Each structure stands twice: as structure tokens, then as C-alpha cells.
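For chain S, the structure is supplied; the task is to place chain Z on it using the hints.
If you're matching them up, the sequences are chains S and Z in order.
Following our numbering, the numbering of the first sequence begins with 1 at its first residue and continues without gaps.
Following our numbering, the numbering of the second sequence begins with 1 at its first residue and continues without gaps.
For the record, the hints were derived by calculation from the structure and aren't laboratory data.
Treat the hints with care, since some could be wrong.
As the list claims (entries may be wrong) - In silico SDA-like links for lysine to any residue, alpha-carbon gap of 25 Å or less:
hint : chain 1 : residue 1 : chain 2 : residue 2
1    : Z       : Lys-49    : S       : Arg-55
2    : Z       : Lys-68    : S       : Thr-102
3    : Z       : Lys-49    : S       : Gly-103
4    : Z       : Lys-49    : Z       : Gln-2
5    : S       : Lys-57    : Z       : Ile-102
6    : S       : Lys-57    : Z       : Pro-30
7    : S       : Lys-57    : S       : Asp-71
8    : Z       : Lys-49    : S       : Ser-27
9    : Z       : Lys-49    : S       : Gln-41
10   : S       : Lys-9     : S       : Asp-71
11   : S       : Lys-57    : S       : Arg-26
12   : S       : Lys-57    : S       : Thr-102
13   : Z       : Lys-58    : S       : Gly-3
14   : S       : Lys-57    : Z       : Tyr-101
15   : S       : Lys-57    : Z       : Val-29
16   : Z       : Lys-49    : S       : Glu-104
17   : S       : Lys-9     : Z       : Arg-107
18   : Z       : Lys-49    : S       : Ser-97
19   : S       : Lys-9     : Z       : Ser-110
20   : S       : Lys-9     : Z       : Pro-40
21   : Z       : Lys-49    : Z       : Leu-7
22   : S       : Lys-57    : Z       : Arg-107
23   : S       : Lys-9     : S       : Asn-77
24   : S       : Lys-9     : S       : Glu-62
25   : Z       : Lys-49    : S       : Thr-5
26   : Z       : Lys-49    : Z       : Gly-59
27   : Z       : Lys-58    : S       : Thr-102
28   : Z       : Lys-58    : S       : Glu-95
29   : S       : Lys-9     : Z       : Thr-109
30   : S       : Lys-57    : S       : Gly-103
31   : S       : Lys-57    : Z       : Ser-26
32   : S       : Lys-57    : Z       : Ser-100
33   : S       : Lys-9     : Z       : Gln-42
34   : Z       : Lys-69    : S       : Gly-103
These figures come from a predicted structure and were not determined experimentally.
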Amino acid sequence: DSGVTQTPKHLITATGQRVTLRCSPRSGDLSVYWYQQSLDQGLQFLIQYYNGEERAKGNILERFSAQQFPDLHSELNLSSLELGDSALYFCASAEGSGTTKTGELFFGEGSRLTVL
Amino acid sequence: AQSVTQLGSHVSVSEGALVLLRCNYSSSVPPYLFWYVQYPNQGLQLLLKYTSAATLVKGINGFEAEFKKSETSFHLTKPSAHMSDAAEYFCAVKGGTGGSYIPTFGRGTSLIVHP
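Pulled out of the complex, with its shape left as it was, chain S reads as follows (with noise of 0.2 Å):
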């Protein structure tokens, strides 16, 4: 158990429409990131929170956004679903600012999204 907490572990949705995905990270990590894993882009960063701010942007889409709340859990919201955004999203969290080069990410065991 890393100790990273994702909620809902699977989810079907319709094209259109949104979804909220939810991480707890840690306790003690106050960064948090968000990745989509699919397989034909494998595990691809979308973004990084620090303490509530976004510190780091990948390749995530205008239809998706992200927050990181004061108790430190974050949300990622998908919007307009398409099909193509049926993946795996894991949350991830490291200590401190996690922005060191040596540190190793704790993930969670991730959100199954299908869109239909």
C-alpha cells in the first residue's frame, strides 16, 4: 500500500460528458501529480501541483484541469469526453516541493476511465 488514495477505481461515462477524479496523497507529500496511462501513449505526464499551486505542465488537453485543495487532495476533471480519453489516470505524490532529481514517486493504484 503506497498511500496514495484514488477514488472511483472505475468509471463508464458517455461521450460529452465530465468526470471528477479524486487523489489523496501521502500524508506528509505535498506535491501531487497526474498521469494518463494508454496503451498506445503509455504513461504520460499531465500535470503537478505543489501545496495547492500548479508547478509543472505536461501533455494534458483544454478539456481536462486540475486543483490541488488546502487538505491537499487533488482533483482532475475531464470534460467533453471523447473516446480516445478511455485510460488509466493515476495520481502520484512525492515529498517535499518534489522537485528533486533523486525522489521517487508513490502512486496510487489508479482510475479506470471508459468512455462509450
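Relative to chain S, chain Z alone:
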């Protein structure tokens, strides 16, 4: 941009045989390198990492990896495969050319272990 290449999307071995999973990075400046494992229906967890202290790195579950700057490689090995090693393995890189602290992951290699 920093990148890693994992040769072979699937590797199949017999139980008790040597495991070799390949990873090559693209940076001219030695980066920090990681191997993560993903068991079915679970998140990724760290197996081992190279942070320039020693070129041969030992990890959990009997795995080890050797950093070879001349070959820009960080291959993962285990002398004797066990059925429980069947999983997806990811090589990741941080730092190096460009200096990003955001880990970039390879496409993953699925390890299949036959009885």
C-alpha cells in the same frame, strides 16, 4: 527533451531463468534513472534507482540494474525468475539534458514467466 527507450514490449522467460529488461536513455548528461514495477490492478512501485552513488544498484525482490554511461543504458536483471515477477516494468528518467525533475517513463515491458 529527455526520453527513455525500452526494447521489447514483451519478454517471456521460464521460471528460474535469467531476466533481462532493457532500457536506454537519450541524454548526453547522465540523468537519474528509475525502474518501477506495476502488478496487475495496482499502481507503480519503485524497484530501484540510480542517483550516481554507485553504478550497480540493487533493488527489491532480487532485481538489480547497472548504469553504463558509455552505452547510455540502465538494464534491469534478475538471476532467477519467479512466477510472482510477472508484471509490467517501467524505466523512468529525471534530470540529464534539460534538467527536468518530472519523470519521463518508457513504454513499459511486460514480463511473462512460464512454469
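Results for each hint:
no., hint, in the structure
1, Z/Lys-49 with S/Arg-55, "holds, 24 Å"
2, Z/Lys-68 with S/Thr-102, "holds, 18 Å"
3, Z/Lys-49 with S/Gly-103, "holds, 9 Å"
4, Z/Lys-49 with Z/Gln-2, "holds, 17 Å"
5, S/Lys-57 with Z/Ile-102, "holds, 10 Å"
6, S/Lys-57 with Z/Pro-30, "holds, 24 Å"
7, S/Lys-57 with S/Asp-71, "holds, 21 Å"
8, Z/Lys-49 with S/Ser-27, "holds, 23 Å"
9, Z/Lys-49 with S/Gln-41, "holds, 24 Å"
10, S/Lys-9 with S/Asp-71, "holds, 21 Å"
11, S/Lys-57 with S/Arg-26, "holds, 21 Å"
12, S/Lys-57 with S/Thr-102, "holds, 20 Å"
13, Z/Lys-58 with S/Gly-3, "holds, 24 Å"
14, S/Lys-57 with Z/Tyr-101, "holds, 12 Å"
15, S/Lys-57 with Z/Val-29, "holds, 23 Å"
16, Z/Lys-49 with S/Glu-104, "holds, 8 Å"
17, S/Lys-9 with Z/Arg-107, "holds, 23 Å"
18, Z/Lys-49 with S/Ser-97, "holds, 19 Å"
19, S/Lys-9 with Z/Ser-110, "holds, 22 Å"
20, S/Lys-9 with Z/Pro-40, "holds, 14 Å"
21, Z/Lys-49 with Z/Leu-7, "holds, 19 Å"
22, S/Lys-57 with Z/Arg-107, "holds, 20 Å"
23, S/Lys-9 with S/Asn-77, "holds, 15 Å"
24, S/Lys-9 with S/Glu-62, "holds, 24 Å"
25, Z/Lys-49 with S/Thr-5, "holds, 24 Å"
26, Z/Lys-49 with Z/Gly-59, "holds, 8 Å"
27, Z/Lys-58 with S/Thr-102, "holds, 16 Å"
28, Z/Lys-58 with S/Glu-95, "holds, 22 Å"
29, S/Lys-9 with Z/Thr-109, "holds, 24 Å"
30, S/Lys-57 with S/Gly-103, "holds, 19 Å"
31, S/Lys-57 with Z/Ser-26, "holds, 21 Å"
32, S/Lys-57 with Z/Ser-100, "holds, 12 Å"
33, S/Lys-9 with Z/Gln-42, "holds, 11 Å"
34, Z/Lys-69 with S/Gly-103, "holds, 21 Å"
This entry satisfies every hint, going by the numbered hints stated previously.
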